[in-house]
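Chains as they are written, first to last, in this note's numbering: chain A, 251 to 551; chain B, 2 to 327; chain C, 4 to 323.
Hints are not guaranteed to be accurate.
To be verified - Keeping only pairs whose Cα atoms sit at most 20 angstroms apart, straight-line, the calculated EDC-like set for lysine to aspartate or glutamate is:
#1 K179(B) - D311(C)
#2 K243(C) - D311(C)
#3 K421(A) - D381(A)
#4 K243(C) - D155(B)
#5 K320(C) - D155(B)
#6 K179(B) - D200(B)
#7 K179(B) - E76(B)
#8 K113(C) - E36(C)
#9 K320(C) - E216(C)
#10 K179(B) - E139(B)
#11 K320(C) - D102(B)
#12 K179(B) - D203(B)
Source of the hints: derived by calculation from the structure; they are not laboratory data.
Residue-level listing of the chains:
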Amino acid sequence: MSARFVAASESELRPVSPLRLALARFVANRTALASAGVILAFLLLALAAPWVAPHDPAEADLFRRLQPPVWSAGGEWAFALGCDGLGRDILSRLIWGARISLFIALMVIGLAAVIGTLSGLAAGYFRGWVDTLVSRLVDTLLGFPYLVFAIGLMAMMGPGLHNIVLALVYKEWVFTCRVARGETLAAREQDYVEAARALGCGPGHIMLREILPNVLSPVLVVATFRMAYVIILEASLSFLGLGVQPPTPSWGAMVADGRDFLVDAWWVSTIPGLAILALVLAINLASQGLRDAFDPRLHPS
Amino acid sequence: MTMAEPLLAVRGLRTVFPTRRGLLAACDGVDLQLAAGEALGVVGESGSGKSVTFLSVLGLIRPPGRIDAGEILFEGRNLIRLPAAALRTLRGRAMALAMQDSLSALNPALTIGTQIVETILAHGLARSRAAARDRAVELLHCVGIPSPDRRLNDYPHQFSGGMRQRAMIAIALAAEPKLLVADEPTTALDVTIRAQVLDLIDRLRRERGLAVALITHDLGVVAERCDRVMVMYAGQVVEEGPTAEVIARPRHPYTRGLLASLPSLEDPDRPIDAIPGQVPDLTHVDAGCRFRNRCPLAVELCMQPVELRALGANRLSRCIRAEAVA
Amino acid sequence: MLLGVSAIVFLMITLTPGDPVEIMLADQRATPEQVAALRRDLGLDRPLVERFLVFLGNALRGDFGISFFHRRPVWDVIAERLPATIELTLFSLLVAVLVAIPLGVIAAVKRDTWLDRALSAASLFGVSLPGFWFGILLILLFAVELRLLPVGGRIGFGFDVLRITGFLLVDTLLAGDIAALRNVLTHLMLPAITLGLPTAALLARVIRSSMAEVLASDYVLFAEAKGLPRRRVLLLHALKNALIPTVTVTAIETGQLLGGNMIVETVFGWPGLGRLVVESIFARNYPLVQAAVLLYAVTYVMLNFAADLLYTALNPKVRL
Numbered sequence: 251m252s253a254r255f256v257a258a259s260e261s262e263l264r265p266v267s268p269l270r271l272a273l274a275r276f277v278a279n280r281t282a283l284a285s286a287g288v289i290l291a292f293l294l295l296a297l298a299a300p301w302v303a304p305h306d307p308a309e310a311d312l313f314r315r316l317q318p319p320v321w322s323a324g325g326e327w328a329f330a331l332g333c334d335g336l337g338r339d340i341l342s343r344l345i346w347g348a349r350i351s352l353f354i355a356l357m358v359i360g361l362a363a364v365i366g367t368l369s370g371l372a373a374g375y376f377r378g379w380v381d382t383l384v385s386r387l388v389d390t391l392l393g394f395p396y397l398v399f400a401i402g403l404m405a406m407m408g409p410g411l412h413n414i415v416l417a418l419v420y421k422e423w424v425f426t427c428r429v430a431r432g433e434t435l436a437a438r439e440q441d442y443v444e445a446a447r448a449l450g451c452g453p454g455h456i457m458l459r460e461i462l463p464n465v466l467s468p469v470l471v472v473a474t475f476r477m478a479y480v481i482i483l484e485a486s487l488s489f490l491g492l493g494v495q496p497p498t499p500s501w502g503a504m505v506a507d508g509r510d511f512l513v514d515a516w517w518v519s520t521i522p523g524l525a526i527l528a529l530v531l532a533i534n535l536a537s538q539g540l541r542d543a544f545d546p547r548l549h550p551s
Numbered sequence: 002m003t004m005a006e007p008l009l010a011v012r013g014l015r016t017v018f019p020t021r022r023g024l025l026a027a028c029d030g031v032d033l034q035l036a037a038g039e040a041l042g043v044v045g046e047s048g049s050g051k052s053v054t055f056l057s058v059l060g061l062i063r064p065p066g067r068i069d070a071g072e073i074l075f076e077g078r079n080l081i082r083l084p085a086a087a088l089r090t091l092r093g094r095a096m097a098l099a100m101q102d103s104l105s106a107l108n109p110a111l112t113i114g115t116q117i118v119e120t121i122l123a124h125g126l127a128r129s130r131a132a133a134r135d136r137a138v139e140l141l142h143c144v145g146i147p148s149p150d151r152r153l154n155d156y157p158h159q160f161s162g163g164m165r166q167r168a169m170i171a172i173a174l175a176a177e178p179k180l181l182v183a184d185e186p187t188t189a190l191d192v193t194i195r196a197q198v199l200d201l202i203d204r205l206r207r208e209r210g211l212a213v214a215l216i217t218h219d220l221g222v223v224a225e226r227c228d229r230v231m232v233m234y235a236g237q238v239v240e241e242g243p244t245a246e247v248i249a250r251p252r253h254p255y256t257r258g259l260l261a262s263l264p265s266l267e268d269p270d271r272p273i274d275a276i277p278g279q280v281p282d283l284t285h286v287d288a289g290c291r292f293r294n295r296c297p298l299a300v301e302l303c304m305q306p307v308e309l310r311a312l313g314a315n316r317l318s319r320c321i322r323a324e325a326v327a
Numbered sequence: 004m005l006l007g008v009s010a011i012v013f014l015m016i017t018l019t020p021g022d023p024v025e026i027m028l029a030d031q032r033a034t035p036e037q038v039a040a041l042r043r044d045l046g047l048d049r050p051l052v053e054r055f056l057v058f059l060g061n062a063l064r065g066d067f068g069i070s071f072f073h074r075r076p077v078w079d080v081i082a083e084r085l086p087a088t089i090e091l092t093l094f095s096l097l098v099a100v101l102v103a104i105p106l107g108v109i110a111a112v113k114r115d116t117w118l119d120r121a122l123s124a125a126s127l128f129g130v131s132l133p134g135f136w137f138g139i140l141l142i143l144l145f146a147v148e149l150r151l152l153p154v155g156g157r158i159g160f161g162f163d164v165l166r167i168t169g170f171l172l173v174d175t176l177l178a179g180d181i182a183a184l185r186n187v188l189t190h191l192m193l194p195a196i197t198l199g200l201p202t203a204a205l206l207a208r209v210i211r212s213s214m215a216e217v218l219a220s221d222y223v224l225f226a227e228a229k230g231l232p233r234r235r236v237l238l239l240h241a242l243k244n245a246l247i248p249t250v251t252v253t254a255i256e257t258g259q260l261l262g263g264n265m266i267v268e269t270v271f272g273w274p275g276l277g278r279l280v281v282e283s284i285f286a287r288n289y290p291l292v293q294a295a296v297l298l299y300a301v302t303y304v305m306l307n308f309a310a311d312l313l314y315t316a317l318n319p320k321v322r323l
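One chain only, chain A, in its complex shape (with noise of 0.2 angstroms):
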């Protein structure tokens, strides 16, 4: 028998955590890690950005309008992604703009994340009139498109770093309270929940000591999936002007600047696109890599 081999067997044999597991599992699988490793190096450069980023991101200089980036000629490693209509250097501002879309989207997500949990598991546990509450709420929010539901918050509350994360806090916790409720409504049948209320623990002990534990996991794999949707939500806001506004640097907002010089200018646009694509992908990636450390049964691969 091979040492791996032997030692798959022990760990049958010692109970393991079950988050220990779902951590190896997800540290085998190589796209996931890379994927993660990804979103680690934006979420570093997010928070150096006063420190990495070479240039300030609002400073223009008329002179360097359009300057194209390194590889092209005319290009010079000062600048190395070039700059943009006001000669801003691309680089500095996508730095500082993974800032922005970071810092909204693990808002958003946190926030959501709790209150979807929280009233996920009330509506869960409680039944009754308080599931009817928040199933209502929830279905009613559901009956609109997210970003026709996001667009026409930010229409109403005007543009803004806060509006944004209430607008779309405002619809990204039903997500979280479904998956939670669902979880909830599983694990309130379960013997360990009956031993608990026997043994005469309350209900908040219970839902918060017994229950959560179970319902956090499916929420983590929940919370990141949704997290790739709200960076291009919110990178969709600032396209049409409705996100943080000039001259703090978003992604969305860098695509819209470059539409005007499309045929001058092609990377203005092209380079802060490829930022969202390359940190969404990432996102997705390790989201499908957490939901198959947690559930191997159902995504074997």
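Dock chains B and C against the given chain A, drawing on the hints supplied.
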């Protein structure tokens, strides 16, 4: 066997499925023969390879599963060598399949009529859709479904369980095959309907010379309906012979165990002896007897390869101590 | 459901932070009297419930007020732009379905082969594409570089098609003007691909998984055992059942296309409702935005309803 030219002869059939733990040989070195008009009972617990053997015969092993070795001679032609298209024209026309659960075997989105007519048309057995429909009515009538012309427009879920099972057999037999593989055709039915369905199969066998392979884990059904029985265990044939003789004097400890685990009609109070132990992991088997870990008669020599050997006329057993089995 | 949706639209507009009157008058130096007057004109000084009932009553009669910007009834302005949007949406849906069904089926049939993996990678890529950027890339490639297709708009200059239905595909056909029809089609191509391909990616994933499930079913095995031609097994026995669960997803995705319209119409200068809404937002033309959002929501609810009907029609088990 005494037959000169069997309808179906399988030799050394090995069908494998790749799994995470390695290749799993679901049937491994299976030999069998079946003559026209004969009923062969195929017995074994789930996972013994009885269904896989006959799905291999029908060429219905789904990838990544595949036939690894052996030959399947149907009327003298080796089906394994046959191109997919030629094999397809044989399916339904020469050999047919009846399944355990008609509710899942029949397409929920198509009417019973469509499902019979398409089989008739696929094999060119009717000149027109109308003619095929007439034949379909006849077939349903033949399996005892009342007012068949009306019921052709019904969907499977609108049939009762027994009716649906008979309709499925009618569909399987629509192109007048010579061999019917009946995979647990009555397990899901209650006793009276079970008898009706088995009677139907019996009648078709007598009237048309249909060869039937009746796959089941119910030895009682085999005792009633089959001339010959073949017992499978862990992918291998372990015993074969005339049903009455095998039941009266089993020549393999596994068969004996199976018989002992049957509830007895004469003496319902007799305790049922389940065979202790578990079927070996089919991805990791050695050449020795596969039943030895559960066998009360096992000896050191059982680690050696065991052949299926003849024990007098018509009897075969894969046990070195066959004579000791009582 | 519809009541709930209208309530949300209404609440969204009334309860969100930021006073619309102040946003509307932000550019002008308005006196407090002017603000109060506008407030009264818009009925914003009435109690909340009364305003909601008035809004609802008017909406039911198709009266959404006057578009400030166009100085015409909101509904007239919307009705004028609607055909362009419907045409684009349906065409995109067609693109999505035509791409998704074959790819989904192929991936399911060739499960776990390199082809399946390539298709699933491609669909993940498609799902991750930001629509507005994809549109720009297409313009760059097909319009700017290759000069094969127009940059935007619905129809080229020099074509004069009598407006009958407002659907240019239909109107050009009615006029018998084949050159114009072809021109309209070239204009539709890029926006429809921009909108349709990401949807196709998503639908293909759904079709693949539902097809894979169906292919493993007993009735497909039984159909094969009957010796049916493979094409009939796959396209009738398997696909008919596999499409049933796909219908609902398609309806939801069509609803998402409505939102995607706003982006794509902006990118391609498509004179439809989506662009009208975006323009209206910047023109602070609130009655129009409000009416359009409600219209989108109602359409979405209707789509889901239609999907339920279609689901029933396809699935004999539900039918009585």
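Flag every earlier hint the structure violates by its number, smallest first. Checked against the structure, the hints that fail are numbers 1 and 8, while the rest are satisfied.
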